[in-house]
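Trainee: Keeping their order, the protein sequence lines are chains A and B.
Under the numbering used here, the residue at position 146 of the first sequence is numbered 146, and the numbers go up by one with no gaps.
Under the numbering used here, the residue at position 417 of the second sequence is numbered 417, and the numbers go up by one with no gaps.
Just so you know, the hints here were simulated from the structure itself, not pulled from any lab data.
By construction, the Cβ of each residue, glycine as well, lies at the ideal position given by its N, Cα and C atoms.
Honestly, I wouldn't trust all of these hints.
[What the hints assert, rightly or not] Cβ-to-Cβ under 10 Å is the rule here; a few derived chain B residues that face chain A:
| id | residue |
| --- | --- |
| 1 | 13 |
| 2 | 17 |
| 3 | 44 |
| 4 | 67 |
| 5 | 110 |
| 6 | 117 |
| 7 | 178 |
| 8 | 233 |
| 9 | 235 |
| 10 | 412 |
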Amino acid sequence: MKPVTVISGKVAALDRVNVDTDQIVPKQFLKRIERSGFGEFLFWDWFRERGFPLNRIEFHGAPILAAGRNFGSGSSREHAAWALQDYGYEAVVAPSFSDIFRSNCSKIGLLAVELPEDDVRELLDRAPEPATVDLAAQTVTLPSGRVSHFDIDPAVKQRLLNGWDEIALTEQRLGEIERYEAERERDGPDTLAI
Amino acid sequence: MFEKVWDAHLVGDGLLFIDLHLVHEVTSPQAFEGLRLAGRRLRRPDRTLATADHNVPTGPGAPDELSQAQLEALSRNCEEFGVTLYPLGHRRQGIVHVIGPELGVTQPGMTIVCGDSHTSTHGAFGALAFGIGTSEVEHVLATQTLVQTRPQTMLIDYRGGLGVGCTAKDMILGTIAQIGTDGATGHVIEYAGEAVRGLSMEGRMTIANMSIEAGARAGMIAPDDTTFGYLEGRPGAPADYAAAVEGWRSLPSDEGAAFDRVVEVDVPALAPQVSWGTNPGQVAPITGAVPEPADESDERALAYMDLRPGTPMSEIAVDRVFLGSCTNARIEDLRAAAEIVRGRRVATTVQAMVVPGSVTIKAQAEHEGLDEVFRAAGFDWRGAGCSMCLGMNPDILAPGQRCASTSNRNFEGRQGRGGRTHLLSPAMAAAAAVTGRLTDVRELV
Chain A
1 MKPVTVISGK
11 VAALDRVNVD
21 TDQIVPKQFL
31 KRIERSGFGE
41 FLFWDWFRER
51 GFPLNRIEFH
61 GAPILAAGRN
71 FGSGSSREHA
81 AWALQDYGYE
91 AVVAPSFSDI
101 FRSNCSKIGL
111 LAVELPEDDV
121 RELLDRAPEP
131 ATVDLAAQTV
141 TLPSGRVSHF
151 DIDPAVKQRL
161 LNGWDEIALT
171 EQRLGEIERY
181 EAERERDGPD
191 TLAI
Chain B
1 MFEKVWDAHL
11 VGDGLLFIDL
21 HLVHEVTSPQ
31 AFEGLRLAGR
41 RLRRPDRTLA
51 TADHNVPTGP
61 GAPDELSQAQ
71 LEALSRNCEE
81 FGVTLYPLGH
91 RRQGIVHVIG
101 PELGVTQPGM
111 TIVCGDSHTS
121 THGAFGALAF
131 GIGTSEVEHV
141 LATQTLVQTR
151 PQTMLIDYRG
161 GLGVGCTAKD
171 MILGTIAQIG
181 TDGATGHVIE
191 YAGEAVRGLS
201 MEGRMTIANM
211 SIEAGARAGM
221 IAPDDTTFGY
231 LEGRPGAPAD
241 YAAAVEGWRS
251 LPSDEGAAFD
261 RVVEVDVPAL
271 APQVSWGTNP
281 GQVAPITGAV
291 PEPADESDER
301 ALAYMDLRPG
311 TPMSEIAVDR
321 VFLGSCTNAR
331 IEDLRAAAEI
341 VRGRRVATTV
351 QAMVVPGSVT
361 IKAQAEHEGL
371 DEVFRAAGFD
381 WRGAGCSMCL
391 GMNPDILAPG
401 QRCASTSNRN
411 FEGRQGRGGR
421 THLLSPAMAA
431 AAAVTGRLTD
441 VRELV
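Chain A extracted, bound-state conformation (with noise of 0.2 Å):
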């Protein structure tokens, strides 16, 4: 994963609240088994429909996608923030994520970032106009020049800084590990014996 820093451009806006990740990616594009190429998908349907806003030749190349609450929501499937990414976004702002697309994003290193309503609501009215995201101030610098700040678990902001792999982390932690199944786990189910 490449560190995430800051994040300045365009801003795109998709004035929708609970956007679904069956609408950021349809389910007939889950069959690949491979892990890139999935921005041709990006709200396959949605770019097929007269007047859809990322449609619009300002908001193409944007950096930032502004959008309403419940962003996400449905299906855990990750191809939805493998195809933001893809598609050439860096950070979503929105007032709020589904949990599974919020920590989806985190893995990834595409910046999933709640502000406050109204802050949002600048960033939708306003956009194309850029907004910068800065990771380690943790704070959106929004088109009025207003400066807005945003939570992030302090873990996950660490490892995005610094691009690290969570699967190796975790591996350093091994002993943890081997000391909860020496004494701690549970009998069973086993799945190797039904």
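Starting from the structure of chain A, add chain B where the hints point.
Mentor: Showing chain B alone in chain A's frame:
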């Protein structure tokens, strides 16, 4: 209850041990590939179980080329890493959240994960069970743990008993309508109250299954004699069953346990519920009408669903009926629907299908003669899989088609591009099949 399970699985700061990892063909190939590329082994094959469900065909004919490639990748991966797999054609194959409980590998007090958001289903047994993405699948394969932050807790207290013709599906649809599709984000729900105690394990699984549709991280129900009775004698059940039950009895929340949020649901006030929009919170009683749009999201949903505010729900005609999914394709669901269908015919304007949740359930239903009831009425009787719940196999709606569906999501295009989904209970789906429109099942019992 949540705290007890959580604390018992904390390996160390923020690291949770996983007792059971369920795997299916769609969200695992990239995870296995990741292991391979990094030269990692699968840490605990004895705590991993795989089946093919999402893209398998349920009718005659082979899977399409891409699905076939995904199924073959799963077989190869399971063989290479030593994972037990129930592939298409195996007597134990079925929807991953149906076969876990059915095999008795879903047990109270466990932590269970799967690369599928409906993993919350297993919470019906008092397990902490939640969906994860593919990166986390890889993390569990490699370490049998997950990095997690402690969620908040929410109690949903069901007050009073269920009315005639109302089911667990109506309870959970009514609940999501009440709190919204992000009403439980960041929380683990505990479902409690008289109406929950009265439900079978099948009903409890329906409720826990849809926790994710309210945004919850997981949903749990305290284990009791109903739970213990269901699990006894199943292949994965503990050898010393009495001792296991003794341990499980200490799991329920202590009297007066504190929750971050408490929501009450008035159960007797619930009529059978049906969704009218494009998320599972857009729900109305069958006795009601399509509501006036409250915001832009509602307006968009009404346009997509081609519905006008004020239209009585019971006047909405359907083209298709789908009885299936990890929400409602268990034996009790099929029995409830067959009860309505028996001696009646599917309306001539409707195409209806039953997709049992597993090969085991299909065999049980056939043993009980339910397949004959459905076939005689004009239903299509299919093989086991996820099928039209998400339309990854050939079972999809045509654009504009309207479907009464026992599944869990009515998102735009979920059951096929341009398709329109109305979520409801198995009995309500059966009623819609025979009348050709959304129908209050209480008129048919």
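Trainee: Compare the structure with each hint and give your call.
Mentor: Comparing the hints with the structure gives:
| no. | hint | verdict |
| --- | --- | --- |
| 1 | 13 | holds, 9 Å |
| 2 | 17 | holds, 5 Å |
| 3 | 44 | holds, 8 Å |
| 4 | 67 | holds, 6 Å |
| 5 | 110 | holds, 7 Å |
| 6 | 117 | holds, 4 Å |
| 7 | 178 | violated, 16 Å |
| 8 | 233 | violated, 13 Å |
| 9 | 235 | holds, 4 Å |
| 10 | 412 | holds, 6 Å |
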